[in-house]
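Visitor: If you want the building blocks of each chain, they are given just below.
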Amino acid sequence: MPYQSPRRPGSNNLVELVRRHHAEGAPTALQVLKDAMERRGEITDDDRRVAAERSRMPEAAVHGVSTFYDDLLAPRGERHVRVCTGTACFAATGGAHVDRLGDGLGLQLGERRADRSVSLAETVCLGFCHSAPAVRDGDTIDAGPGVVDRVLADQARPALEPQWRSVLGEPVLIRPGDWSGLTRALRELTPEALLDDVKAANVRGRGGAGFPAGSKWELARKAAGEQKFIVANGDEGDPGSYIDKYLMERNPALLLEGMALAGYAVGADHGFVLCRSEYPLSKPALEAAVERAHADGLLGVDILGSGFSFDITIVEGAGSYVVGEETALLACLQGLRGTVSARPPYPAQHGVHGLPTVVNNVETLCNIPFVALRGAEAYQALSPGATAGSKLVCFNERFQRPGIHEVRFGTTTRALCEDLGGGLIDGRSIKAVQIGGPLGGILPASQLDTPFDFDELAAVGCMVGHGGIVAFDDETNMRDVARHLLRFGAHESCGKCFPCRIGLRRAHEMFAAEARVDRERLEALLETLELGSLCAHGGGMPAPIRSLLTHFTDELELA
Amino acid sequence: MTRITIDGRDLEVEPGTTVLDAVRALGGSVPTLCFDERQAPFGACRVCLVGADGAPGPIPACTTPCRDGMVIDTHDETARRVATAVVELVLSELPEPPAEHTELAAVARALDVGEPRWPGAQHDGDHDERHPYLAFQHELCISCGRCVRACEEVQGAFALTATGRGFTANVAAGLDAGFLDSACVSCGACADTCPTDAITELSLLTPVHPRPA
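Line by line, the protein sequences give chains A and B. Taken in order, the first sequence gives residues 1 to 559; the numbers are from our numbering. Taken in order, the second sequence gives residues 560 to 772; the numbers are from our numbering.
Excised from the complex, chain A in its bound form:
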């Protein structure tokens, strides 16, 4: 007789509650709490009780949600100022803008004046990395030189949006979405044929992990169940990255089309976009695009007379980096604490409301309309001899030409930084670049000839990640970089797995102290994080620290 394990109940009781209450039209606890914060600037126990009643969730669960998300924690005054502490803003000022703003307002981060007139909070990141540092004053995001003075003078003005351009003769990702891929697929392709095309095109996930999108789709398509979902991960939390922001805000139709195609291939009739509250324009832009698509018969029931129906709901998060991890994203989407869950079960089997769900990054989904329209071969040909398709990269404010560029995989990082980015401003030179977010390694100037692609960057301890490229100039103190990154890592740990919950705090403490850092103890701690953590947050935060240990040993003040 084979061994049979004892039967245990699933740990999804809260998810089951959410599913039932969603079906009855109840809002999520997170939605009700966010509304309370917007209205009254703080959350009281009465607000939590109301949220429990309206969402029909247990009071304790609502309390847990209200203590998790940044947006629900810092009290807000009549004028709420949020200062960006992301990596691009750090690279621009070394953090001086945060101190100057706090001194000028007479407030520490997270404080509100006694008369409730003004409050100051930290936010990571506003996605204005092309024009750092950035400050959000009420609903206005201002950025660039002079921003602190303007905010202190109560004269914040909207910052300029970044440029975006493509090196491709025929752009794939920054051409306006026109639904031609979906139109063709519904007329000429069966769902199976579309899935085969996406698999043949070898579309790798653009959110960081690089997992083949077709494999996720196939798993979800094969999963048992009538109802399935498509989720677009728009929680672009990587400081220094503003790619998904501009896809969602300037080209939302392309994303919606990609989601509808995923729904067609997988057999899902509903999709969700989870976008960030740090990008206040994303949700309205996406909702307007959904409305237009409805009016044009491109979303809704029986699209273009094909019998295929698909609709999309836009949900906004509440301030948490780890919510970009797919299981945490699904928890947030359902209004729960955004903590990571062990896989398996994978979202493809057990996602939104416990039902089969595809979670793809926004940029990944934006690749799909091209594949549907032009086929796998044309897609492969976009980056000859490298990873299939094209990639959006973005540069921080240190570059001469910051902004978003659509590039071919396999281009050298130097060509990206020098030819497209134009090198650095103010006669500064590149000391190092961090690619792909805070979990990416740091590439020293001496290795800039590394091709920008998954395997090549991995070979030097770096990653494509999400495609943000943050340059540190020759005046940057690399120990400050380590402290900055670990502060972020510790603050954003979801607190579920022990290595990340305690280990990132300890790593930050080691660099925050004035003392030298014991290299042996640091490396043992990094190993514990790398091999012990539940998700890529704890597992990946050591990568940039390892790079600094390798390339900037002398600057770290080690013992």
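Honestly, the hints are just simulated from the structure, not real lab data. Check each hint, because a few of them may be wrong.
Only part of the chain A face toward chain B is listed, based on derived beta-carbon distances under 7 Å [stated by the list, open to error]:
(1) Arg48
(2) Phe498
(3) Ile502
Beta carbons are placed, not taken as given, at the ideal position from N, Cα and C, and that holds for glycine.
With chain A's structure known, arrange chain B on it following the hints.
Guide: Showing chain B alone in chain A's frame:
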């Protein structure tokens, strides 16, 4: 049918069986902290790490399903080293060493955890002692989630929740006003599963830590 080899011994298991289940079925043991066999596996503590042939690093035994042909080494050196370091981190966050009789103390002994190499911030004292049967010493909580899951999955009372995030993560009853003002039904499942004495049952156990007058 799935065949798996653990420390040189073969076992046939039903699909879906976890590596931890298989280890225990063979009479072996792997230390655990966030695991309670009455609850669904959680995968938070990372103390049950074991070696698996072909895997890039140690795998958590409690949440990894057995795959056909898998070869597991419960004594894998890297896995033990990381698990020991994790328990060392846990001890470093507590204001005092765990009481001898607790599961945490037993795991620390089994792994021979030494002086913490990474001292740092510890949790501040915060006691809920208003309930007649249950006491909560929040500074002893290691956020393993067992009490929360016992309350949800076993009792169905939903009186407890995880709170905060990162290092400040903890557990609260109701709206954090204590057991007495929560949906707690005094069943004691939370105290029964707590591996650190953070939650204790007053009528059955003499509190290990003297309560302030």
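Visitor: Going through the numbered hints above, which ones does this structure break? Give me the numbers in ascending order.
Guide: none
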